[in-house]
Amino acid sequence: MQYKGNSIVKEGKAVQLDDGVYWVGALDPDLRSFDIILNTANGTSYNSYLIEGSEGYALIDTVKAEFADDFFARLESVTDYSKIKAIVLNHLEPDHTGALPELLKRAPQARVYISQRAQSMLKALLKDSSENLEFQVVNTGEQISLGDCTLTFLSTPFLHWPDTQCTYLEEREILFSGDVFGCHFCDGRLFNDKVGDFRFSFDYYYAHIMRPFKKWVLEALDLIDPLDLRIIAPTHGPILRDRPRRYVNHYRELASNSLSGELGTNEKSMIVFYMSSYGNTARMAEAISVGAGSISGVRVSMFDLQGGETEPFVDLIEEADALILGSPTINGDAVKPIWDLLSSLIVVDLKGKVGAAFGSFGWSGEAVRMIEDRLRGLKLRVPQQGLRVKLIPNDEELEDCYNFGKDIASILIGKKKECKVLEFGEL
Amino acid sequence: MAKAKVSFDDIDLTVNVPVGTRVIEVSEKVGSGIIYGCRECDCGTCIMEVVEGWNNLSEPSVLEDKVLRENLAGRHQRLACQAQIIGDVTVKPV
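Residue numbers (this note's numbering), protein chains in the order written: chain A, 589 to 1015; chain B, -15 to 78.
These are computed hints drawn from the structure, not numbers from a lab.
A hint or two may mislead.
[What the hints assert, rightly or not] Derived list of chain B stretches under chain A, where covered just means 3 residues or more per stretch with a C-beta under 8 Å from a C-beta of chain A:
#, segment
1, 10 to 18
2, 33 to 40
3, 54 to 60
Glycine included, each C-beta is placed from N, C-alpha and C at the ideal position.
Sequences are here, hints too, so could you generate the full structure?
Here it is as structure tokens:
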């Protein structure tokens, strides 16, 4: 399919995208699901780039292992392996390093350039053959010369792995951005001013791949903003040569908080979600919410999960400072909507948010502890032991709920509690 | 058994522990914001800041040292899954 119609990608041929810069990647139009988590309605591409300097060639990233033959054929159409001086790995995920072991055999003289955090991953990828590998760790601002052109490295970690970096070709004003500004969109016309409408794919990719790391996206954009940009060359999807700055600005919009301005300065947001079979966990939720709301500076929202869709709740949680979950225990477990919500949170950053659990139960009440464990697994901090009430909460128990909410709200605004000393054995 | 105090700066809480206890064994139970990934000295997620008592933690192993370096850990940062408490120490999330 990719070689038909108006595709500029031909079998065994590189595509020149600028003076001395070539696309030597591969198209994968038949892929329908990427890494299990992403749908890819028209496939994807693995973009690899070759840069010609007066003193040798540099290769930026490779392709997925199954497409190594395509990649090598394109590479050989421009140069032979002995002229490759540098192999830059902006990101070591297998879809970009699949052809690396074979490439290193064919171009043993090439030096590999990676980020600080990529070292252990490189060794893990190459296993035994990594022993004699010559590689160099590079940081922001470090450069390598290819004679008449220079590559400058930008350390942009966690986009979307710890190892990620970008590489800038100053003389041509081209940014090789790795997965940043990429998308799963397979189109043999390659360039953003020629391919089909990829706006959905671009935003979808951001939402699933980059969104959990928005803090790091903003840091990377600060490094990228001052660069003169004629072309952005990502590792997936169209090459952005028509007004590339638009995509930088769009990333900034996507990474900014959608609800900013709703809360007052220094105000914290707490969301209470619950499910209730007999109304008991609901009563607890109300008392907790009222208690938390009694602390000034904390804005509390309460939702019955039965009446909502998961996706908008995920958006709310992303912006919230505290997440409190209430579930009854049914057959020794928390109820499914709670797990559905908790299993939908991988697209947002939860680190350091405050979490807590509560619930009414009939016999054994396992749900609360199980939810707490999951919250910790999601990297929330759970400073207050969960609250469990057997069957219908009485006035005293509702008072406990009120105080539970109040305590969590106090922790949230950093109101110092009396410094406690505990014994290890009591924990 | 010799005891030492580990204090978690972010939640203002101190725990008396037997000497040799790892920070990971305490921090989650008390709700400190130190977070964990692999829990076995590989991923670097649990890097924490040592506020006081730097010398009252066990010396980092060669492996921990490597993980700290690769993750660009700052001075006075350690892995909470590895560091053992051998005297009074105060820690907090990074």
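Would you pick out the hints that fail for this structure and give their numbers low to high? Number 2 only.
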